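Engineer: Okay, here's what each chain looks like letter by letter:
2 protein chains.
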Amino acid sequence: MKHAVTFELKKKDARTKARRGCVHTPHGSFETPVFMPVGTQATVKAMKPEDVARLGSEGANIILSNTYHLYLRPGHELIKKAGGLHKFMNWKGAILTDSGGFQVFSLGKMRKITEEGVRFQSYIDGSYHMFTPEKSMEVQEALGSDIMMAFDECAAYPSERKYVEDSLELTTRWLKRCKEYHKNVEEQSLFGIMQGGCFKDLRKRSAEQIVELDLPGYAIGGLSVGEPKELMYEVLDDCVDYLPSDRPRYLMGVGSPDCLFEGVERGIDMFDCVLPTRVARHGLAFTSHGKVNIKNAKNAEDFGPLDPECDCYVCRNYSRAYLRSIFMNDEILSSMLLSEHNLHFLVSTMEKIRKAIDEDRFLEYKKEFYDKYGQF
Amino acid sequence: MKHAVTFELKKKDARTKARRGCVHTPHGSFETPVFMPVGTQATVKAMKPEDVARLGSEGANIILSNTYHLYLRPGHELIKKAGGLHKFMNWKGAILTDSGGFQVFSLGKMRKITEEGVRFQSYIDGSYHMFTPEKSMEVQEALGSDIMMAFDECAAYPSERKYVEDSLELTTRWLKRCKEYHKNVEEQSLFGIMQGGCFKDLRKRSAEQIVELDLPGYAIGGLSVGEPKELMYEVLDDCVDYLPSDRPRYLMGVGSPDCLFEGVERGIDMFDCVLPTRVARHGLAFTSHGKVNIKNAKNAEDFGPLDPECDCYVCRNYSRAYLRSIFMNDEILSSMLLSEHNLHFLVSTMEKIRKAIDEDRFLEYKKEFYDKYGQF
Numbered sequence: 001m002k003h004a005v006t007f008e009l010k011k012k013d014a015r016t017k018a019r020r021g022c023v024h025t026p027h028g029s030f031e032t033p034v035f036m037p038v039g040t041q042a043t044v045k046a047m048k049p050e051d052v053a054r055l056g057s058e059g060a061n062i063i064l065s066n067t068y069h070l071y072l073r074p075g076h077e078l079i080k081k082a083g084g085l086h087k088f089m090n091w092k093g094a095i096l097t098d099s100g101g102f103q104v105f106s107l108g109k110m111r112k113i114t115e116e117g118v119r120f121q122s123y124i125d126g127s128y129h130m131f132t133p134e135k136s137m138e139v140q141e142a143l144g145s146d147i148m149m150a151f152d153e154c155a156a157y158p159s160e161r162k163y164v165e166d167s168l169e170l171t172t173r174w175l176k177r178c179k180e181y182h183k184n185v186e187e188q189s190l191f192g193i194m195q196g197g198c199f200k201d202l203r204k205r206s207a208e209q210i211v212e213l214d215l216p217g218y219a220i221g222g223l224s225v226g227e228p229k230e231l232m233y234e235v236l237d238d239c240v241d242y243l244p245s246d247r248p249r250y251l252m253g254v255g256s257p258d259c260l261f262e263g264v265e266r267g268i269d270m271f272d273c274v275l276p277t278r279v280a281r282h283g284l285a286f287t288s289h290g291k292v293n294i295k296n297a298k299n300a301e302d303f304g305p306l307d308p309e310c311d312c313y314v315c316r317n318y319s320r321a322y323l324r325s326i327f328m329n330d331e332i333l334s335s336m337l338l339s340e341h342n343l344h345f346l347v348s349t350m351e352k353i354r355k356a357i358d359e360d361r362f363l364e365y366k367k368e369f370y371d372k373y374g375q376f
Numbered sequence: 001m002k003h004a005v006t007f008e009l010k011k012k013d014a015r016t017k018a019r020r021g022c023v024h025t026p027h028g029s030f031e032t033p034v035f036m037p038v039g040t041q042a043t044v045k046a047m048k049p050e051d052v053a054r055l056g057s058e059g060a061n062i063i064l065s066n067t068y069h070l071y072l073r074p075g076h077e078l079i080k081k082a083g084g085l086h087k088f089m090n091w092k093g094a095i096l097t098d099s100g101g102f103q104v105f106s107l108g109k110m111r112k113i114t115e116e117g118v119r120f121q122s123y124i125d126g127s128y129h130m131f132t133p134e135k136s137m138e139v140q141e142a143l144g145s146d147i148m149m150a151f152d153e154c155a156a157y158p159s160e161r162k163y164v165e166d167s168l169e170l171t172t173r174w175l176k177r178c179k180e181y182h183k184n185v186e187e188q189s190l191f192g193i194m195q196g197g198c199f200k201d202l203r204k205r206s207a208e209q210i211v212e213l214d215l216p217g218y219a220i221g222g223l224s225v226g227e228p229k230e231l232m233y234e235v236l237d238d239c240v241d242y243l244p245s246d247r248p249r250y251l252m253g254v255g256s257p258d259c260l261f262e263g264v265e266r267g268i269d270m271f272d273c274v275l276p277t278r279v280a281r282h283g284l285a286f287t288s289h290g291k292v293n294i295k296n297a298k299n300a301e302d303f304g305p306l307d308p309e310c311d312c313y314v315c316r317n318y319s320r321a322y323l324r325s326i327f328m329n330d331e332i333l334s335s336m337l338l339s340e341h342n343l344h345f346l347v348s349t350m351e352k353i354r355k356a357i358d359e360d361r362f363l364e365y366k367k368e369f370y371d372k373y374g375q376f
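Chains A and B, in that order, give the protein sequences.
With my numbering applied, the first sequence corresponds to residues 1 to 376, in that order.
With my numbering applied, the second sequence corresponds to residues 1 to 376, in that order.
Just so you know, these hints were derived from the structure itself, not from any lab.
Everything numeric in this text was worked out from a predicted model, so none of it was measured.
Beta carbons are placed, not taken as given, at the ideal position from N, Cα and C, and that holds for glycine.
Heads up, a few of these hints could be off.
What the hints assert, rightly or not - Facing chain B, according to a computed beta carbon distance under 8 Å, are these residues of chain A, among others: (1) A42; (2) A82; (3) L231; (4) Y318; (5) A321; (6) E331.
To be verified - Covered by chain B, per the in silico footprint, the following chain A stretches (three or more residues, Cβ under 8 Å): (7) 46-59; (8) 258-267; (9) 290-298; (10) 333-347.
Sequences and hints are given; from them, build the entire structure.
Structural biologist: Pasting the structure below:
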């Protein structure tokens, strides 16, 4: 089957499962492994889209946006009328939309799961809504994203084996319904999601079921949901082997600096995470030498940059003393600058990872990064 | 006496007191009449300085910053150590600092005025501080602004004649102390402030006293403090005549669109106001056709720009529907975009006013603007 989104595998690392590739979409291509900034409500928080497109030295060429949030406000029909999400939010690169599944499952008592789908209450006005695989596809079609994610159930951690097993089977049935709906969608590609919790045999079963559907990309869901990092890495070690090497692999909701390296080493191509912009709004920055809490008193008279090894707009133009001052004064510019720096840090770290793989020194670069970063 | 800041009078309007000029400072020149964006706490709220410098078609070339706020946090000594306010906040254009007077007088019961100066309590931690003319100069010197404002007393409206009279005399005595301190300050220029409330003869007396000191610029203080607009215009009508035509005239704290036109018509060269950025954060925009409340339901499905006649970044790239959506979602980008649009609107309206004066059609342009804008 011909897909609107295609993957070009460029190189495999000799010593690890790390690999270099490129994903082509109707809104441009992006090199992998890639970190995707998150634009939950049709904006990467506190950033102009042009500044997102300039992150790192190659720019962020794909962002993620959230189906659940956009469905509730302003509504997918409105965005469709506006000409789609790209035009609505003034973003010229590629967009991946999640299915809304993760958000509705996170609602706890405010949602109910059945074979049909999930009934849930709006956090805005308490009104009732129903997400089904078909509804999620319909919403994502209206948004016009380049990559649509299948509607899946993400089991909480920890969950009983029986629950996880039923859940992954439900996820597969829902994926088939998504694929059926997607038949008539030409310009957007559907990625499937593997579930199975931390049970390796269930991961394998889930993978076999979804890979059979010949989709242009596969995601690993249900990780980084509360389990210890070591367990996540252990599951990941296996997971990737069940997925075809000619399709991109996306580890959902993961993006702390160490997870990027560990994920890449295990064969992951795509990552996303709200962390860099969320912690930025609380005054926390990622730097080459570890995390910096800008409100720390020792930054008050530090006239040097946030990260002396960083060449981003923020590090070139502002001191820690200034960043601390505007943070303490609750200035909006504080969120703007720290978000830009943090996203730049992850995007450019990923660029360096790509370069390292190209030059057969991924493990060396990883060690160098870890030694300097210190504790994660 | 040679001043670091000089005024070049370029043209006088034949039918009104409007005039064109240019002010030269150690950090570049700016054409007058001018609207100065306000950067209270060393940032024009929700704007990167580069974007401030790109406002309108000529850019904003001077901003105002607040001595009182910067003195309290992060402290003027810290900013001095950072290399001055320009470097600290990454602003390459000119800076005017107020004296802190207006802010400390606004504190009501939290301050006490004596001949020596004003004792006040910090809004941050309740600690006691004393601002005197010398202290205000010292703080402004540490900040390194291009234009320093004299420490004055701004009498509230309404005030008894006797209070206003004593107050203007005190302001003059303080101005002399400011000038005495300023003797040793080379790279910064001191502007005096006229007071006198709404009493025309007191305005005249104040003007005579301060003009005698031969300062490079004069401000009109104590207006737009609660009196009806008509009364403000009436006082202004007189005020300007008492000031020398070869020095810039600055109407403090005034900057709504109608006030810009009325001020220019009465011979004012410089304006500042927090209004454009403050109302932006509440979802209010200035447009050629009047004020727009972005949260108004009729904007929900309006896919046209905020202002069809505006060529700013926001109007070129976003719809009202999008702006409403991010405002309703409390997104930081909402404050960023509406602040940029509002500042652009005032800065570019001022550019059009300058052009109209150059082309001898100031009154025609004013009528055209008013007719389209509707109610102020």
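Engineer: Against chain B, run the beta carbon of A42(A) and see if the smallest gap drops under 8 Å.
Structural biologist: holds (7 Å)
Engineer: Would you settle whether the hint for A321(A) is holds or violated, based on the nearest Cβ-Cβ distance to chain B being less than 8 Å?
Structural biologist: holds (6 Å)
Engineer: Under 8 Å between beta-carbons, do enough residues of the region 333-347 of chain A, three at least, approach chain B for the coverage claim to hold?
Structural biologist: With 3 residues closer than 8 Å to chain B, the region 333-347 of chain A meets the three-residue bar; holds.
Engineer: Let me know if the C-beta of E331(A) comes in closer than 8 Å to any C-beta of chain B, holds or violated.
Structural biologist: Check passed: Cβ of E331(A) comes within 5 Å of chain B, closer than 8 Å.
Engineer: Do three or more residues of the region 258-267 of chain A come closer than 8 Å to chain B, measuring C-beta to C-beta?
Structural biologist: violated (count 0)
Engineer: Go through the hint on L231(A) and say holds or violated, using the shortest Cβ distance to chain B against 8 Å.
Structural biologist: violated (35 Å)
Engineer: A closest beta-carbon separation below 8 Å is what the hint needs, so does A82(A) meet it against chain B?
Structural biologist: holds (5 Å)
Engineer: For the restraint on Y318(A), tell me whether the closest CB of chain B is nearer than 8 Å.
Structural biologist: This hint holds: Y318(A) lies near chain B, its Cβ roughly 6 Å from the closest one there, short of 8 Å.
Engineer: Please verify the coverage claim for the region 290-298 of chain A: does it have three or more residues whose C-beta sits within 8 Å of some C-beta in chain B?
Structural biologist: violated (count 0)
Engineer: Tell me if chain B covers the region 46-59 of chain A under the three-residue, 8 Å CB rule, please?
Structural biologist: holds (count 3)
Hints 3, 8, 9 from the list above are not met by this structure, while the remaining hints are.
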